[in-house]
Amino acid sequence: MKIRKPLSKICLALGMIATTTLSQAALLGVMPNEPIVDFGGAGIVNYDATTGLVTISGTPATLFQSNPFLYGEVLGTGVDDEKLVTIKLHVDSAGHLVSGITGPDLTVKGSIDIDFDGVPDYDGILLEAEVIAFGFEDGVAGASDVFDLRFNTVAGALAPLYNGKDIALNVVSETSVEFLTPFAGGFATNFMGQAKGVLGATDPVQPPSPVACQLDVVATCSLEDNAAGKSKCRIKVSKSPKHWEHVDVDFHGHTFRRSEYGMHGHQVPTWANRYPTTNVTFSYVVTNTGNTPVSNLLLTDSFETAVIGVPALLAPGASVTLTRVEKLSEGIDNTVTVMGEYQTAVCADNDVVVIKDKLRERREHDEDRYKDKGKRGE
Amino acid sequence: MKAINFGIGALAVLLGTAGSAQAGLLGVTQTFPDVSLSSAYLIYDSNGIDANTGLLRVVANATTLNEGAAAGNSTLTQSYLGPGDTAPDVVLDFRIANGTGSLVAGTFVGGTVGIGYGTSPASVSKFSWQGALTGFGFQADGKAFDATWTMGADQYLSMPATLSQFTNGSFVGGLGGIKISNSVAFTTQSFANDWVFGTSAATSTLINGYLSGLTTPKKVNSTVLVDAFVAQPVPVAPVPEPETILLMAIGLAAIVPFARRREASSDAAT
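Respectively, the protein sequence lines represent chains A and B. So the first sequence is numbered by my numbering: it starts at 4 and just counts up by one. So the second sequence is numbered by my numbering: it starts at 21 and just counts up by one.
Chain B on its own, in the form it takes in the complex:
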């Protein structure tokens, strides 16, 4: 693996190109904080949105908020399973043109990140990240996918002291990434047919609730590892309001004649 690091300037430019990915990864670089998905499944319905648009859903049993990789950093796991609930939750959904794999442009661009609160009581620590996808890439063999997104809302409940820096809205507007690895390659799968990848995908009945719209999906046992991450939002320089600009123009107009007179009197003195 080669480390990839781009400056903010490059980031800004490159963000503008996202959203029309063909086969090929975007090359997103992981950072922290990071949310890892447990027991994730990739469930793709080639006409899940309409005849031309498929829906790739990533469901998971749990999500874990990772503060960082350094010693002493904390993690927080929240479950979507519990007493009487054995079905994983949808965490990510991608809308994909079923002919090319590119994101569908339109009123709903790309899909959503929806990392919801866990099923545990309110007194238990939990977190929620919600956002919109802005870019999507994938290896043609189906073994890797990546995406970009923007944090729309982040909320935290009863966070432990070790994660007290996570407060509501800390990352709103932050640019994020998603990485998905899938250990088994596509064979006959494409964005034009239906498929499921994940541990025991071929036999598990716990995901049946997500399969009803699929047409004879190809179920493949594989290891699917997913995480979503976000950076602190980039501080934006304040933009002058129109009234301010007008006042500045008037002030400048008043100063210029005064400066010219000073210049003329100075020349006369010499």
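Chain A on its own, in the form it takes in the complex:
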């Protein structure tokens, strides 16, 4: 098509005083930073509502970076003398990005001579990338439409210049006498408009922090009131009818197995009364060490009965201290587990407090396991 056009079509429309606002604010707000590649006013943005395919195409003009200085015009490739920018992506009828296309969603093709020696320093596919975000803004009353996009997985001859970066693309579509069905703010119908734009580097999107919660539990024991808690206490061991069994625990779909110490439904035999027991006070300090509240708290230890006083919610930084008293006549390892939730995240912690026999000399009939009784001063 040449420039001779009917006079009625090439009038320049003037005088319509526009309002100063734009109607829709759905842009990503990404900004192309150097190095940049631009394409001029002969570009086109086209949308096919049947397939949801947005196509932006144009002719790349220059590559530019101010520091260190880098500049070159984009010329046709040595193979087919073609220079071209194409972007293709699929959106839904509301303009939300659905997907890219098979193959690169962004392609920049051409050749560039950056040292002005007449020999291309880059030639062929200059850039390829995959679209990950799409935004748009409908201009009103003479203002231009604007589209912006973000790409990652950058490849091509210029990719080393974008090492570790995403690519941002800003596209402006002006009111033009050449296009009678430009973007009107929606994606339910086809549109085609003029386009020019700039692409360049932008910092990659930080992946959203994984939703997390964090709990800490410290378990201690003591044999006397107001005594400082210890991680290990010693009692006079005699004989006990209690025993260990495995119990499955369900925590909101997460199942774990723990060992439980007790009678497990059996009657306490009369002989047990002949053996002395020691009151051991267990103390469990549960702390929310994360920066999110923790709900649905569950605390288990190695005993049959539930720990009393477990709160439903623990705020960030908050602690709660829970205690229980057990009459023991043999050594055990009391494993304490705390679990909680924040949104979809589950967090847990555990600690072990050990009850052992008092220190004494090894006797002749001690079983092998008494070898670990230790020595005084331990």
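Everything labelled a hint here was simulated from the structure, so no lab data went into it. Worth double-checking, as some hints may not be accurate.
Stated by the list, open to error - A partial selection of chain B residues facing chain A, derived with a Cβ cut-off under 10 Å:
{"hint": "1", "residue": "L46"}
{"hint": "2", "residue": "T83"}
{"hint": "3", "residue": "S99"}
{"hint": "4", "residue": "S140"}
{"hint": "5", "residue": "K199"}
{"hint": "6", "residue": "V204"}
{"hint": "7", "residue": "T223"}
{"hint": "8", "residue": "S224"}
{"hint": "9", "residue": "T225"}
{"hint": "10", "residue": "L226"}
Unchecked claim - Non-contacting residues of chain B with respect to chain A, defined by C-beta distances greater than 10 Å in every case (computed):
{"hint": "11", "residue": "A71"}
{"hint": "12", "residue": "A173"}
{"hint": "13", "residue": "T207"}
{"hint": "14", "residue": "N213"}
{"hint": "15", "residue": "L234"}
{"hint": "16", "residue": "P237"}
Claimed, not checked - Covered stretches of chain B, as calculated for chain A (at least 3 residues, CB under 8 Å):
{"hint": "17", "region": "102-115"}
{"hint": "18", "region": "241-247"}
Predicted model only: the values in this text are computed from it and were never measured. The beta carbon of each residue, even a glycine, is placed where N, CA and C say it ideally should be.
Knowing the structure of chain A, use the given hints to seat chain B on it.
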């Protein structure tokens, strides 16, 4: 975006109103041929002309002549950078009353379009568009500006065969438009203080040569896209010269008595 199309009649009327724009776009509609600016910066000196008149300069690394948007249309890019030259060139300048943003009327109305030849050798294709601005509009948020202008001179050197229709003077007298988009809005900026917008505007030293007259300019990184375009000049009907009018009057005076006699003789015959 809503397509805006006005007839020539409306255009003629509306052109007469241009030149006194307050905040608000003119609503210029893009057409071809079109010249796009690469890596453009907006550099505004609030007292660049005098105490009441600011100077908005648009500088660019390159300009690209776009024949049209249809398949097969050609483009031609010319650079203002090259070996030993890392400073962009001034392509547009607007004189703006620093109190209102309107164009300054006077001996120099509005400013100029000065798309110069590129820095490449004469054997390389290049083009030049020169003209005078006639109208100026802007969004109050600073994200869009537009303008009207008239082509004063257009010249072409060593044009490729695909752009052979561009010959010297093809568009002289043609009415044109300019569209500028700026991705970042004004915050504290206005036409009463100094500012710079463009890619890496805050750090680039390549534009320092244009900043010497500015007073603590606010430098803002943004994407600035600019193009200037023009339509074929409207053919003007030939205006009779005074001598011609006089001859026509004499001839008419001679014909009228003759026509009356013919009318009288015709009545007598009946």
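Holds or violated: is the Cβ of B:S140 closer than 10 Å to a Cβ in chain A?
-> holds (9 Å)
Would the stated hint for B:T225 survive a check requiring a Cβ distance to chain A of less than 10 Å?
-> holds (7 Å)
Beyond 10 Å from every chain A Cβ: check whether that's true for B:A71.
-> holds (27 Å)
Hint check, B:V204 versus chain A [nearest Cβ-Cβ separation less than 10 Å] = holds (8 Å)
Between the region 241-247 of chain B and chain A, see if three or more residues pass the 8 Å beta-carbon test, and mark the coverage as holds or violated.
-> With 5 residues in contact (Cβ-Cβ under 8 Å with chain A), the coverage given for the region 241-247 of chain B holds.
Closest CB of chain A to the CB of B:L234 still more than 10 Å away | Its Cβ never comes within 10 Å of chain A, the nearest being 18 Å, so this holds.
Status of the B:K199 interface restraint (C-beta, 10 Å, chain A) = Nearest chain A Cβ about 5 Å off; hint holds.
Supplied contact hint for B:L46, tested at 10 Å Cβ to chain A = With a closest approach of 5 Å, the B:L46 hint holds.
For the hint on B:S99, just tell me whether its beta-carbon gets within less than 10 Å of chain A.
-> holds (6 Å)
Assertion that chain A covers the region 102-115 of chain B - criterion: three or more residues, beta-carbon distance below 8 Å | Our answer is that it holds, as 3 residues pass the Cβ test (under 8 Å) against chain A, meeting three.
Regarding the hint that B:T223 lies at the interface with chain A, is the smallest CB-CB distance below 10 Å?
-> This interface hint holds because 7 Å falls under the 10 Å limit.
B:P237 and chain A, when compared Cβ to Cβ, separated by more than 10 Å | For B:P237, whose nearest Cβ neighbour in chain A is about 17 Å away, the distance exceeds 10 Å, so it holds.
Taken one by one, the earlier hints all hold for this structure without exception.
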